[in-house]
Amino acid sequence: MRRRVAIKRWDRPSRRSWAGEFAAIMAVALLVLTGCRSEMYEQPRYEPLEPSSLFEDGSSARPLVAGTVPRDDPRGAPPAGVPDEVFYTGWSQGKLVESVPFPVDRAVLERGQERFRIYCTPCHGELGDGRGMIVRRGFNPPPPYASEELRKQPIGHYFDVMTRGFGTMYSYASRVPPRDRWAIAAYIRVLQLSQHAEAANLPAEDRNKLPAVDEASAPRSQP
Amino acid sequence: MPQIFHPSANTLSRLTLFGMAVGPLGLLIVSYLLIRSPYQTGVRVIREQPVPFSHEHHVGGLGIDCRYCHTSVETSSFAGLPPTHTCMTCHSQIWSTSPMLEPVRTSLAMKQPIVWTRIHNLPDFVYFNHAIHIQKGIGCVSCHGRVDKMPITWKEEPLTMEWCLECHRHPERHLREKREVFNMEWAPPVPEQLEIGRHLIEREHIEVDRLTNCSVCHR
Chain E
574 MRRRVAIKRW DRPSRRSWAG EFAAIMAVAL LVLTGCRSEM YEQPRYEPLE
624 PSSLFEDGSS ARPLVAGTVP RDDPRGAPPA GVPDEVFYTG WSQGKLVESV
674 PFPVDRAVLE RGQERFRIYC TPCHGELGDG RGMIVRRGFN PPPPYASEEL
724 RKQPIGHYFD VMTRGFGTMY SYASRVPPRD RWAIAAYIRV LQLSQHAEAA
774 NLPAEDRNKL PAVDEASAPR SQP
Chain U
4 MPQIFHPSAN TLSRLTLFGM AVGPLGLLIV SYLLIRSPYQ TGVRVIREQP
54 VPFSHEHHVG GLGIDCRYCH TSVETSSFAG LPPTHTCMTC HSQIWSTSPM
104 LEPVRTSLAM KQPIVWTRIH NLPDFVYFNH AIHIQKGIGC VSCHGRVDKM
154 PITWKEEPLT MEWCLECHRH PERHLREKRE VFNMEWAPPV PEQLEIGRHL
204 IEREHIEVDR LTNCSVCHR
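Sequence order for the protein chains is E and U. Note that the working numbering has the first sequence beginning at 574, numbered continuously upward. Note that the working numbering has the second sequence beginning at 4, numbered continuously upward.
Don't read these hints as lab results, they were simulated from the structure. Every residue gets a Cβ at the ideal spot worked out from N, C-alpha and C, and that includes glycine. Since no wrong hints were added, every one of them can be taken at face value.
A few chain U residues that don't get close to chain E, going by computed Cβ distances all over 10 Å: (1) 8; (2) 18; (3) 101.
To spell it out: a stretch of chain U is covered by chain E in this simulated footprint if at least three of its residues, at any positions, have a beta carbon under 8 Å from a beta carbon of chain E; those stretches are: (4) 63 to 76; (5) 92 to 100; (6) 114 to 121; (7) 126 to 140.
Okay, chain E solo, but in the shape it has when bound:
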């Protein structure tokens, strides 16, 4: 219907209309503009941490509802037979756990060392002496792991501190998954031992490598 009307109008020779040219230009412009649309680049979905006007806080990522339980914790569930409380808090019936709730082998210690160097050394230092770079820049110095008091602490203490924070130290629960926290705790024990090892306890081959230490005077803590 419409087309017929248009043809009629164009047929009039007396009044030259630019409608045809205008339509052609618009068609080209439309083609050009469609080429510039970026629907595929910006698809109607959220990328991680993308802002959103939908929610009051402006964030598309929603905080977990209190009490949310992971359906399947990808960071590693407790090993069989270990209660959740022990694995996730380092406590057992009101007492700090005395041992790592899974077997500790070399791989676990190496993992612990790697994670310790990422998350702990900035303050605690490579040796755990509490003289990390951030401390040298003014952060409250943490006590050295090798101190008498800390060496007496059950291993659950370290897990608990990483999980809930301690003093000026923030919680690392959101950054370090539970299994890694246990691995770090185990590595802290390694650091403590490394600074209080007795030469007599070393295997013979390692003891021989010690630089000319008098066998009798070597163990510092022997009475």
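Assemble chain U onto chain E, guided by the hints.
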């Protein structure tokens, strides 16, 4: 017979002929240069951020590991941008009154995330995954450049499809041992890299033929 054309028409006609021959080529060259220029790729373009965070200071100066803040880079497609809580782990004590860090403190107090300006943004039809690149031995530096020398974060590589494919076709040029992935100083040893790379391809079961399949990146 009167002259129809002014003598300058000769020059004009030559110019026109020349333009017809060279013009389209020139247009191609200009647009090619344009799409590869920082105007299009954003390479080394400085963008304003709510807080002028310096990787040079935190990584280069203090020696903080990438993963201290980008915690999910090894296990997730997204490297993870640290929540304000991570910044405040140190800045609750250090520079705790600095006006520069006011947005960080406000963010923590108001529970409002800091809105950073994104530097690396792939089109939505590309499904990039950090974890697999880290796990197979592509260093941070390979794509992000020497972040430990950036006083403010910029994009070092164009992240174009051509650029991605260069590595997907020849991963042996860039692969490194996993323990060196987060090492900013590591550079491919010349000329052994190709040999090491080929060995790593085999050891890590990287199927190079498949790396250029469309669906590897486009789903």
